[in-house]
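> Here the protein sequences line up with chains A and B, keeping their order.
Residue numbers for the first sequence follow the working numbering, beginning at 145 and rising by one.
Residue numbers for the second sequence follow the working numbering, beginning at 145 and rising by one.
Do not take every clue at face value.
Same chains, same names: a pair is fine if it fits in one copy or spans any two.
Said to hold, decoys possible - Calculated cross-link-like contacts (lysine-lysine; reagent style PhoX-like; alpha-carbon spacing at most 20 Å):
1) K558 with K439
2) K394 with K445
3) K394 with K563
4) K394 with K558
5) K321 with K433
6) K394 with K521
Keep in mind that the hints were calculated from the coordinates and are not lab data.
Protein chains: 2
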Amino acid sequence: MQASKHSVVRGAHLSSRTTISTAFRSRCAPRRPSIAQGRRVVSTHAMFGLKKSSLAFLTVAKNTPHPEKVAKGGEDAWFIRVDAKGGGAFGVADGVGGYDEFGVDSGLFSKRLMQLAAEKEQTQSSSPDPKGIMEYAHRQTILPGACTACIVQLQGSKMYAANLGDSGFIVIRNGDKALATEPLQHFFDCPYQLNNSDTAPTDNAEDATMIEMELQEGDIIVAGSDGLFDNVFQDDIISIATSTIADSLKAGKSPLEANEAVAEELAALAYQHSQDLKYPSPYAIECNKDEAAMKQAQTEKLKQGGIFGKALGGVMNAVQTPTVVGGKLDDITVLVSTVVAPGSNKAALEGAAAAAAAGLEPVMAQLASGMRILQEKETKSATPIITRKKLVRSGQAKIEGAGITVADIENMDKATIQKMLMKYDLPTSGSMQKLKDRLAKAIS
Amino acid sequence: MQASKHSVVRGAHLSSRTTISTAFRSRCAPRRPSIAQGRRVVSTHAMFGLKKSSLAFLTVAKNTPHPEKVAKGGEDAWFIRVDAKGGGAFGVADGVGGYDEFGVDSGLFSKRLMQLAAEKEQTQSSSPDPKGIMEYAHRQTILPGACTACIVQLQGSKMYAANLGDSGFIVIRNGDKALATEPLQHFFDCPYQLNNSDTAPTDNAEDATMIEMELQEGDIIVAGSDGLFDNVFQDDIISIATSTIADSLKAGKSPLEANEAVAEELAALAYQHSQDLKYPSPYAIECNKDEAAMKQAQTEKLKQGGIFGKALGGVMNAVQTPTVVGGKLDDITVLVSTVVAPGSNKAALEGAAAAAAAGLEPVMAQLASGMRILQEKETKSATPIITRKKLVRSGQAKIEGAGITVADIENMDKATIQKMLMKYDLPTSGSMQKLKDRLAKAIS
Numbered sequence: 145m146q147a148s149k150h151s152v153v154r155g156a157h158l159s160s161r162t163t164i165s166t167a168f169r170s171r172c173a174p175r176r177p178s179i180a181q182g183r184r185v186v187s188t189h190a191m192f193g194l195k196k197s198s199l200a201f202l203t204v205a206k207n208t209p210h211p212e213k214v215a216k217g218g219e220d221a222w223f224i225r226v227d228a229k230g231g232g233a234f235g236v237a238d239g240v241g242g243y244d245e246f247g248v249d250s251g252l253f254s255k256r257l258m259q260l261a262a263e264k265e266q267t268q269s270s271s272p273d274p275k276g277i278m279e280y281a282h283r284q285t286i287l288p289g290a291c292t293a294c295i296v297q298l299q300g301s302k303m304y305a306a307n308l309g310d311s312g313f314i315v316i317r318n319g320d321k322a323l324a325t326e327p328l329q330h331f332f333d334c335p336y337q338l339n340n341s342d343t344a345p346t347d348n349a350e351d352a353t354m355i356e357m358e359l360q361e362g363d364i365i366v367a368g369s370d371g372l373f374d375n376v377f378q379d380d381i382i383s384i385a386t387s388t389i390a391d392s393l394k395a396g397k398s399p400l401e402a403n404e405a406v407a408e409e410l411a412a413l414a415y416q417h418s419q420d421l422k423y424p425s426p427y428a429i430e431c432n433k434d435e436a437a438m439k440q441a442q443t444e445k446l447k448q449g450g451i452f453g454k455a456l457g458g459v460m461n462a463v464q465t466p467t468v469v470g471g472k473l474d475d476i477t478v479l480v481s482t483v484v485a486p487g488s489n490k491a492a493l494e495g496a497a498a499a500a501a502a503g504l505e506p507v508m509a510q511l512a513s514g515m516r517i518l519q520e521k522e523t524k525s526a527t528p529i530i531t532r533k534k535l536v537r538s539g540q541a542k543i544e545g546a547g548i549t550v551a552d553i554e555n556m557d558k559a560t561i562q563k564m565l566m567k568y569d570l571p572t573s574g575s576m577q578k579l580k581d582r583l584a585k586a587i588s
Numbered sequence: 145m146q147a148s149k150h151s152v153v154r155g156a157h158l159s160s161r162t163t164i165s166t167a168f169r170s171r172c173a174p175r176r177p178s179i180a181q182g183r184r185v186v187s188t189h190a191m192f193g194l195k196k197s198s199l200a201f202l203t204v205a206k207n208t209p210h211p212e213k214v215a216k217g218g219e220d221a222w223f224i225r226v227d228a229k230g231g232g233a234f235g236v237a238d239g240v241g242g243y244d245e246f247g248v249d250s251g252l253f254s255k256r257l258m259q260l261a262a263e264k265e266q267t268q269s270s271s272p273d274p275k276g277i278m279e280y281a282h283r284q285t286i287l288p289g290a291c292t293a294c295i296v297q298l299q300g301s302k303m304y305a306a307n308l309g310d311s312g313f314i315v316i317r318n319g320d321k322a323l324a325t326e327p328l329q330h331f332f333d334c335p336y337q338l339n340n341s342d343t344a345p346t347d348n349a350e351d352a353t354m355i356e357m358e359l360q361e362g363d364i365i366v367a368g369s370d371g372l373f374d375n376v377f378q379d380d381i382i383s384i385a386t387s388t389i390a391d392s393l394k395a396g397k398s399p400l401e402a403n404e405a406v407a408e409e410l411a412a413l414a415y416q417h418s419q420d421l422k423y424p425s426p427y428a429i430e431c432n433k434d435e436a437a438m439k440q441a442q443t444e445k446l447k448q449g450g451i452f453g454k455a456l457g458g459v460m461n462a463v464q465t466p467t468v469v470g471g472k473l474d475d476i477t478v479l480v481s482t483v484v485a486p487g488s489n490k491a492a493l494e495g496a497a498a499a500a501a502a503g504l505e506p507v508m509a510q511l512a513s514g515m516r517i518l519q520e521k522e523t524k525s526a527t528p529i530i531t532r533k534k535l536v537r538s539g540q541a542k543i544e545g546a547g548i549t550v551a552d553i554e555n556m557d558k559a560t561i562q563k564m565l566m567k568y569d570l571p572t573s574g575s576m577q578k579l580k581d582r583l584a585k586a587i588s
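Assemble the whole structure, with the sequences as input and the hints as a guide.
Right under this line is the structure:
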């Protein structure tokens, strides 16, 4: 048998391989041409021993609230549907902390949105439609606030996912990354988010990144809020999930216990890093990138400002930007889902369903309590709070960065002017001159 | 204004920040609540100055064939549609080299499949449907062979992609990864692939990973075959693409020239690494992972084999596995696509359309020539070659790894037995005992 070019080349590079392993590993050709008798082979994966079949999500969750937000249960939320007959779904949402300044708890928004998503997901009779579920839950969450959202469904052997913002997931196959979402944000630390569309501009389910992917038995999906991904590197998540599941099963633990061990370990590590002022976390790295980009933009701007500006730009360039280190204090939510054959994992799936329901009880209690408080406020208030309404900042807004002069505006780039205009609640569209005039008027 | 919890915490960690930058960077709240007058804000991104609009792909390609496959143009193929009015599409396909042993040039398969995909994509009047295009092109490629496939379309501001196998793409936004496909394979070095379904079992468009994602002006998409991704790390691709485009534009080059500079640079780097026997390439790292996993599996197996096995397992564990280094010789295809506003980039888009057509001319000539040779063979042959038919191995297949005994089979795990069965063109389904019996019969 003539070896393929691929294996010849690889043989040269990888001289330690035996003949049999080279043959196994040569870029694969059709090894069983004789089985294809008809027009189309029925089981498309027979060649690889990977017959497609109905699979199930065996999912567990672990949530560790931000230390200062423990009482209200933090601002993350999630849902899990485990079905012993196959399929399954889960979601995670991260309330936008910036709403604090309006006296709004985004944790209620995220919890309500996940509750609605779970209800819709469960009753949806048609094909998987995570975008439709997100759209429904977003529209029906009649509360002030905002959150990111990630919704994942399984039907047959296919995963359907919608992700908006900086929550997300990693699909791990044979110890490797098979797919991962990346955080999407409008600018640094401002993720895509679902806002109450009557109180603020919002991203929508339509803006979500959609993923459809064939899964295989043994795949591990780790989903979470940015409290996980900003504090633990993807590579570490992948190796911890893979090894902890293997070790747990080897030690005689059940598949459910194995997943719980991963969730506990990842949440604990994320929490530890989040408290560590020295850990060079994924978040710190992003901060430094952003810092460097901003510094460069400032330097470029200065260099265009004549001899003095050029000199100052040179000085800025020479100054060492302090390197940011440390984790990020945040709510941490970790969902660990293994892809299993439902038949042989009935007990584990039933156990996971019960555990998921128990785990969500306190979250639902927090949601109910928060809603009750809002309703009481509403009864006493002349204006509606829960129903759609414009938000009012608590107290007179003091614009930070004020004190700039009209001359300063001349030296600003468009993005900076637009950001300043946002602070004054002014429109940000129009020509550069229009924006400058608008900002000049606002500061005078 | 009360700072959000997020910014307070970050302030503590990032003490070097000025007030204004902290304010800019605090996790964003609805900064312009007053603009939402109606039930739904029309321009959902107004808040961030990112109004959704029709965008266009400004795409260029660079292909460097495998040094031993230059004459036939290698086994990679691609297509590009650039439209000055907006939108656009591109695709890349990598012929499976393993078909060499059947005397089949998978380069014809990949070129024909991309040609059909381009035709279908251009005439498709409805919504983007990369999976449908892949399905059509797969079904209509009436040739022996196989390839991976990646098809990406843009409509409005949304990208629609289907990816099957280990070609793929990275979406780069503001110097960061916004999304990346990961290679999907059945086992090491055996990617998901579209085979002629009459001559071999095949994966199908249905198995492709589907991605839908909102794009923004300034996004960079780098797509390619594994000749790129196995030789250049994702992080390097991201930083090279980002900096080369910025530097090129700054140096007064056109957007088209900037993209060409990126494609040239990435292809040259991939080629350089592919020739470098010392470079610790992404491919070498995957080889080592696979090697380690295989060694561990063997060790575990040995340890179960009594005292002698345990001792041997211990010895194997102690032996240092030689670390594989070096790049991977392969066809290299790099597509660089920037997301631009069509209005202000009419000239660049028209230039790119012309360049894409010119670049594909030799590929189409190679396809035509290859098809002509096949047709001539067919005329002289009693059996059809181009039309669907079962493949015949060139010469009597010598099964590598033969010489095993029935006792050996007893110690094999299921996957190993299945792989051996594949070599004998035997079915791989059934109980463990059935598989063992089948293999025992085959070797005797």
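> The structure should be examined with respect to each hint, and the outcome stated for every one.
Here is how each hint holds up against the structure:
1. In the homo-oligomer, the alpha carbons of K558 and K439 lie at most 20 Å apart inside one protomer (16 Å), although the nearest pairing across protomers, at 58 Å, exceeds that limit.
2. Taking CA atoms no more than 20 Å apart as the test, K394 paired with K445 passes between copies only; the shortest distance there is 14 Å, against 60 Å inside one copy.
3. Proximity of K394 and K563 under a CA criterion of 20 Å is satisfied in neither setting, with 55 Å inside one chain copy and 25 Å between copies.
4. In this homomeric assembly, K394 and K558 come within 20 Å of each other (Cα to Cα) only across copies, at 18 Å, whereas the closest approach inside a single copy is 59 Å.
5. Only between protomers do K321 and K433 lie at most 20 Å apart by alpha-carbon distance; the minimum there is 13 Å, versus 24 Å within a single protomer.
6. In the homo-oligomer, the alpha carbons of K394 and K521 never lie at most 20 Å apart, since the shortest distance is 54 Å inside one protomer and 57 Å across protomers.
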